[in-house]
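Construct all of the structure, not just a fragment, from the sequences and the given hints.
Count along the sequence shown from 1, add 449, and you get the number used in the numbering used here.
Check the hints yourself; a few may be wrong.
[Claimed, not checked] Each pair of labels, with its calculated beta carbon distance range:
hint : residue 1 : residue 2 : range
1    : Phe-544   : Gly-483   : 30 to 36 Å
2    : Val-568   : Ala-522   : 21 to 27 Å
3    : Asp-482   : Arg-570   : 20 to 26 Å
4    : Pro-543   : Arg-515   : 32 to 38 Å
5    : Ser-503   : Asp-562   : 31 to 37 Å
6    : Arg-519   : Asn-470   : 18 to 24 Å
7    : Pro-543   : Val-568   : 27 to 33 Å
Honestly, the hints are just simulated from the structure, not real lab data.
Built from N, CA and C at the ideal position, the CB exists for glycine as well.
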Amino acid sequence: MSRNVKALIDSHAFLWALEGNPRLGPEARGVLDGGGNELYLSLVSIWELAIKASAGKLDLPQPASRYLEREAAARDVTLLPLRVAYVQQMELLPFYHRDPFDRMLVAQALVEDLVLLTVDRQLARYGVRVIW
Numbered sequence: 450m451s452r453n454v455k456a457l458i459d460s461h462a463f464l465w466a467l468e469g470n471p472r473l474g475p476e477a478r479g480v481l482d483g484g485g486n487e488l489y490l491s492l493v494s495i496w497e498l499a500i501k502a503s504a505g506k507l508d509l510p511q512p513a514s515r516y517l518e519r520e521a522a523a524r525d526v527t528l529l530p531l532r533v534a535y536v537q538q539m540e541l542l543p544f545y546h547r548d549p550f551d552r553m554l555v556a557q558a559l560v561e562d563l564v565l566l567t568v569d570r571q572l573a574r575y576g577v578r579v580i581w
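Structure follows, in structure tokens:
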């Protein structure tokens, strides 16, 4: 990517970046590795991953929320909080996608004018720019 990008990293993309997993798309990797990009991780993603870890569906150091917060800070990734404006935007979204975590990421990306780093290309139907 030649210009600076403001990007919201979804749960899978963040985990795969931490692991060095080859499933991370080349464009997404370029955004994550490129200097000068503004990177964000939603607290909603931390919440989703912490739920999966506490349910035994995901192997993360415990407590997962602290681990993810530390890893985000170490990579200069800003945590994006949950705000009423995002909930209001989410209420307006058609139900192309039923996953509440993904719908909130779309709402956050739309309100904050962020591209979304996600493997789920279906989210582009909402008018958010998806990079993978």
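Just pull the numbers of the violated hints for me, sorted ascending. Hint check: 7 fails alone, others pass.
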